[in-house]
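Number of protein chains: 4
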Amino acid sequence: MSIFDERESNLRAYCRVYPTVFDKAFNARQIDENGKQYIDFFAGAGVLNFGHNNPKMTTAIIDYIQNQGVAHSLDMSTTIKRRFMEVFSELILQPRKLPHRMQFVGPTGTNAVEAALKLARRVTGRQSVVAFNHAFHGMTLGSLAATANSYFRGAAGVPLNHVIHYPFGAEDSRLSAETGNGAEQLDALRAQFSDSSSGLEAPAAFIVEVVQAEGGVNVADKAWLQALAQLAKDLGALLIVDDIQAGMGRTGSFFSFDDYDIEPDIVCLAKGLGGFGTPLAMNLVKPEHDDHWSPGEHTGTFRGQSLSFVAGIEALNYFRDEQLMNQVAEKSAQMREALSALAQHPAIQVRGKGMMLGIDVGDGAVAKSVVANCFENGLLLGACGTGGRVVKLLPPLTIEQDDLAQGMSIVIDAVKHALETS
Amino acid sequence: MSIFDERESNLRAYCRVYPTVFDKAFNARQIDENGKQYIDFFAGAGVLNFGHNNPKMTTAIIDYIQNQGVAHSLDMSTTIKRRFMEVFSELILQPRKLPHRMQFVGPTGTNAVEAALKLARRVTGRQSVVAFNHAFHGMTLGSLAATANSYFRGAAGVPLNHVIHYPFGAEDSRLSAETGNGAEQLDALRAQFSDSSSGLEAPAAFIVEVVQAEGGVNVADKAWLQALAQLAKDLGALLIVDDIQAGMGRTGSFFSFDDYDIEPDIVCLAKGLGGFGTPLAMNLVKPEHDDHWSPGEHTGTFRGQSLSFVAGIEALNYFRDEQLMNQVAEKSAQMREALSALAQHPAIQVRGKGMMLGIDVGDGAVAKSVVANCFENGLLLGACGTGGRVVKLLPPLTIEQDDLAQGMSIVIDAVKHALETS
Amino acid sequence: MSIFDERESNLRAYCRVYPTVFDKAFNARQIDENGKQYIDFFAGAGVLNFGHNNPKMTTAIIDYIQNQGVAHSLDMSTTIKRRFMEVFSELILQPRKLPHRMQFVGPTGTNAVEAALKLARRVTGRQSVVAFNHAFHGMTLGSLAATANSYFRGAAGVPLNHVIHYPFGAEDSRLSAETGNGAEQLDALRAQFSDSSSGLEAPAAFIVEVVQAEGGVNVADKAWLQALAQLAKDLGALLIVDDIQAGMGRTGSFFSFDDYDIEPDIVCLAKGLGGFGTPLAMNLVKPEHDDHWSPGEHTGTFRGQSLSFVAGIEALNYFRDEQLMNQVAEKSAQMREALSALAQHPAIQVRGKGMMLGIDVGDGAVAKSVVANCFENGLLLGACGTGGRVVKLLPPLTIEQDDLAQGMSIVIDAVKHALETS
Amino acid sequence: MSIFDERESNLRAYCRVYPTVFDKAFNARQIDENGKQYIDFFAGAGVLNFGHNNPKMTTAIIDYIQNQGVAHSLDMSTTIKRRFMEVFSELILQPRKLPHRMQFVGPTGTNAVEAALKLARRVTGRQSVVAFNHAFHGMTLGSLAATANSYFRGAAGVPLNHVIHYPFGAEDSRLSAETGNGAEQLDALRAQFSDSSSGLEAPAAFIVEVVQAEGGVNVADKAWLQALAQLAKDLGALLIVDDIQAGMGRTGSFFSFDDYDIEPDIVCLAKGLGGFGTPLAMNLVKPEHDDHWSPGEHTGTFRGQSLSFVAGIEALNYFRDEQLMNQVAEKSAQMREALSALAQHPAIQVRGKGMMLGIDVGDGAVAKSVVANCFENGLLLGACGTGGRVVKLLPPLTIEQDDLAQGMSIVIDAVKHALETS
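Sequences listed follow chains F, G, Y and L, in order. For the first sequence, the tail end lands on 622 under my numbering, and the numbers increase by one without skipping. For the second sequence, the tail end lands on 622 under my numbering, and the numbers increase by one without skipping. For the third sequence, the tail end lands on 622 under my numbering, and the numbers increase by one without skipping. For the fourth sequence, the tail end lands on 622 under my numbering, and the numbers increase by one without skipping.
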């Protein structure tokens, strides 16, 4: 009996989906201890936008360690943190004329969301928050309350209050048909917030993913998201964009909302921010809101993660020019093109943005068999959405063309096979 | 204006206490960008038990990276995770005959606590949890509810429910005199839980730190903690020990409770577990409780932190023999001896265990001036406890004798100076 | 300074709307201490369906008292309670083939709602309840959570959780245009409850008024209410009809829902149930739900109000034949006819059912001036709805034709005057 | 099958304890439909302090009805309400120099408590309230949260938050021995409230019964209650005395706290206030707190209960001179004297004040058999306290000497018999 069977918690999950033991990895490939290689369309759940063991990062990290750089600093000032902030400001904030401040939090996405919700409640003096169907914002009680999936919610053990759940305004028709049209729901919501006898008080914030990743690769309709931003503004509520999985270039631009003409009050970043797979999380906060924080009110031991700063700077450097984002556009088109082979099938809907695509096969069991089939054939990917019915394609942005083509071929065959046998 | 002034959140705190920019570090020394060296009695808030840039760890990490080891794996199985688990089992669990399973969670202490509370509620079907005055368990809503400090609680923005706060049973008299005798309170609590008309329902869990670190370096009285364990057992409630700051050898043994004759249902570990300052968090859970988890109910992106596994194995190796723990005993005695110079002063109380000691100077302003004075004189340390009135001494366990002596000298002078001028 | 000015709480309200001191009353007339008579279109907020000092009731009460009948009995069995139950069963339940049991609760509407919500949560093991915009269910914390008006909610002082507020499906177009179409909302709600990743769990109950009285005299659309009943059934949730103000013949039949083809799981009754103005409250509960109660779990001192039973029997006797309900139909038509003079005005909407009619004048200040004008001219009525913009006409069902005509004339003149001067 | 069996809710309870059907009643006697007379030591759960069908009240009520007095008025001004307020002010408030205003609420004790808690939260801007073990404050969610008994709490169906439960400071030793010494607990509570790192925030209010009736006839220790009042004052919290069952002369003075040298911020009254058994509830509120109410924020249909005002005036008239209170003192002594026959028995403790006495027989099953035995022998009384182990003696204050003596004889025999056979 392996140590995993003997001593690892029953909670473990991905090791059941991928029943092998991984040893090494580079760019879009993982290698198990038997030497079998897998193409990686999972990318650490969206962390590894720049590939496993990105060479620029490994060099920088080793160099940093060899020079005895401070590895861990909480929120003390360090030279490497300064560099990270300078680069982030130069490459991301200034070009977009974003006035936001950087707030480093405990290095998990859920911690970023918790901090954002705290601040929104502080700024507005209100308690309730509006979150959306199929949203995923984290597992700790504050962010879990905003997460939609009943499987996760069911583990809370206490009521999850102070969050109002409303239909998400997806640009895709299937979702709207099934769970309500987001735009009409938003009108109804506005009407209720305008009526002092609706039972709904104006919220502290609206928290939204521009592309819902775990929720099933649902892309926000542009008009809907702009209406949402306007509603938030009219109500004096904050607009929080959770860009934890969809940010860092994943959708073809640094932020997922770059082409939406909105300016969020708070943006939550994590996952890909640390570049290498080491944790980092950060909120971007408008100064007028940030001023409501008193020093140290929301703390965390691992906020000053220098290896993540080192690798994160390398990640940010990809945004110095258009090269990577142009590649993402091309690879995205390549993926779409390959998927067109499935598009005719009535049970299938393909959705997504940039290099985050989803194949909605309409049934969780079918998607599960696709994932298993892909694993056998050397491709790692995961399922998401209600009942796990959406196969999510999330390769590193830096994936080699051949690996991308080969991976697409494997998944398309797997879907076809699943449809034929289901 | 520096990037910190311009762009970092107002929330930043330690950088205000230590107004410089750190660049390098080794063992118990940090060096700022001007080359000034500081002795470190802060140790990354308890993370760096084995020193900054521990040479065994830097070698192992660089080696791992150069060999393209998987850096990030969520809860997939990896060869390095297997090794970490095997070593942990061999050196920590088996010698103590602990049957516990290892549950890796999002790599923050707060996430470990959230997971522990979820499980306790699941196992018992109950909602309320008993936590203790001066407790610190984290910043996310679930763990924040169990945290005592009103400054942190005030940032929640929503009510913090489902936790009952009771006096901690400290072995030191000052605390008891001020906030109630823990033992008597525990008797009263037992009486109330036994009375169906008390308004208190039996709790899901008791969560306790054996040494309260942030709460003011309060060491649990052994009889009290045993009575607490018995009460939990009698009520069918789980005993959760939060060993996040006091574990990993800090108090002279791997667990802070090794000499307390209790067997917790769940032990929360983080901070020092990753060895190098990179994050890792893990709960040890008795199998009969762990079986209540369904796969993936509590997830987290950064659960599989390979660099932390690599360095963590080196950290665990310190527990292969008695050498380090013997050194801790000696250094602890050396610190106590030095502090005896202060012990006569009526305003002073020295408390603690192993190499976590606190100088309770009775007043937050005094402690603040001590910390500032130490910083000027090249020593990093922090204040904790109610109103920040306790100066906390938390050097790396591996600190050089000379550094330890010099640091003690600085802090003792600072305390004397503060007492004379206050 | 009067004792009211000197010693009555600042909370007092109706005495400010009607600034006089009332002394006597009969049928639809109240007389103040100066002998001035007022026609009563307020009817004790819907309590006095059978008029002030209904002669059959005064005779019966005096007789009961003179015979030393038990006046107060909690939930002991008494001969008068038996008679009340027999008559209620004979005249109300049996003709409708309703299997419901009678549960006497603390003699307020809010207590009935609290008991209904407790039972629905017990039966289903769920916590959340769906209530509707503009709903009024009471002032105690459990029922207040289901009440929509922010003025009342703002007095709670603690969060009001476990209730989801949704648009009411009114048959009138104005309301729908402003606060969302109930039917579409209900479809969206059904879709969300069907989606395990919506963030909404199936509720314990839907609680609804068939005619929202305090909410602005909004009559439920029949198709909507039937769809609601079906949704409740499909979800395993209870349908609770709060018939506290609209029941007891007010809308032209004993229950407001008699012509809706639905069978509620629980019906809450109070207000008019005691007949005379003395309190009584009762829930009708389907036996299969009622069986979930253990004896005495929800208690209350004043559940056995014999004077209310005595007068209540007289009230029930009005339903032995069609006479009163026929009169209600005629008087309702008479009121509608009179109001047709206002119907052309674009700012005006007339709504309602039976002898509960509302004149929505679109503006709270206008409605307030109408109420004040009416008072001056000898007519008592109140305002309701969002911002108090609906003038509510609620005369005793037994009102004399002349009083009804005179009252209608006063209110119509007042509305016309207000519209001309606003 | 009777209508009770067929149609009354399973919730019914007292009718199971007293399995007969009552028909008539006068002073301390109830008569069932078979003509059997019972001496009443239950007094409508403390409502009927002045006996069933008190002749002064029956005369006044009949007279009022025959004169067409307004029966029901919400919070309009009426001549009878004015008279009630004048008499209350003259006889109760002015002699005690109490500045309190009268706030009429929905006519149940629970409604009074809900209103008191709302106001305390409004005044202080705080949410939590301290209530005590064994407290009974009502059944609606707000007051139920402050009620201690797990049987009642278990019916809520949602978490009962925002209340901290602490041991009551009883003057009797048995209770203290079992559930903690109130005075020590109060010291510990003060210490925690003084410590910003205790996890406890200062509360909005302390709510306390001076004599806990349902909780087991526990009389507050005078020093404890004064310390409690001081603690409330020091913390800026309101002191709320729930005098619903113990007020109106029951303990030998109008208020139960008349000899405690405290001045509550709010006093809740109900039960006996309406005199005749018809409902009435009222809070006495200090003007500086009452000013925080806006008109109509806490409403209720049945606040203006004229029959209760009429009878309540007669009840208040008993306090024009010392006669009745002298009789209570004598009867109380007579009861104590009779109970001295039981005092030697080690399993028995007699507690109480005035004419509210409890025989703690230590076991709920024993108490239940006592109650059943008494019923068979023509005496009505109830059990209270944890597990129902206290037999409560609560005769009307106006009971005839012979009835009192005979009732005492029946209950003492029953207790002796139960002790012998248990």
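Calculated directly from the structure, the hints in this document are not laboratory data. Because the structure is a prediction, the values reported are computed rather than measured. Careful, some of the hints might be misleading.
Stated by the list, open to error - Cut-off 25 Å, straight-line C-alpha distance, at most; resulting in silico cross-link-like pairs (BS3-like, lysine-lysine):
| id | chain 1 | residue 1 | chain 2 | residue 2 |
| --- | --- | --- | --- | --- |
| 1 | Y | K224 | Y | K297 |
| 2 | Y | K224 | L | K224 |
| 3 | F | K224 | G | K256 |
| 4 | G | K433 | F | K256 |
| 5 | G | K433 | G | K256 |
| 6 | F | K236 | F | K486 |
| 7 | L | K236 | Y | K256 |
| 8 | F | K297 | F | K433 |
| 9 | F | K256 | F | K297 |
| 10 | G | K616 | G | K568 |
Stated by the list, open to error - What follows is a list of derived Cβ distance ranges for each label pair:
| id | chain 1 | residue 1 | chain 2 | residue 2 | range |
| --- | --- | --- | --- | --- | --- |
| 11 | L | P495 | G | E488 | 17 to 23 Å |
| 12 | F | D602 | G | T259 | 34 to 40 Å |
| 13 | L | Q426 | G | D387 | 22 to 28 Å |
| 14 | F | D563 | L | P495 | 55 to 61 Å |
| 15 | Y | S494 | L | Q426 | 54 to 60 Å |
| 16 | L | P487 | Y | S494 | 42 to 48 Å |
| 17 | G | D461 | F | E600 | 57 to 63 Å |
Using N, Cα and C, we set each Cβ at its ideal position, and we do this for glycine too.
Violations among the numbered hints, reported as their numbers in ascending order: Structure breaks hints 1, 2, 4, 5, 6, 7, 9, 11, 15.
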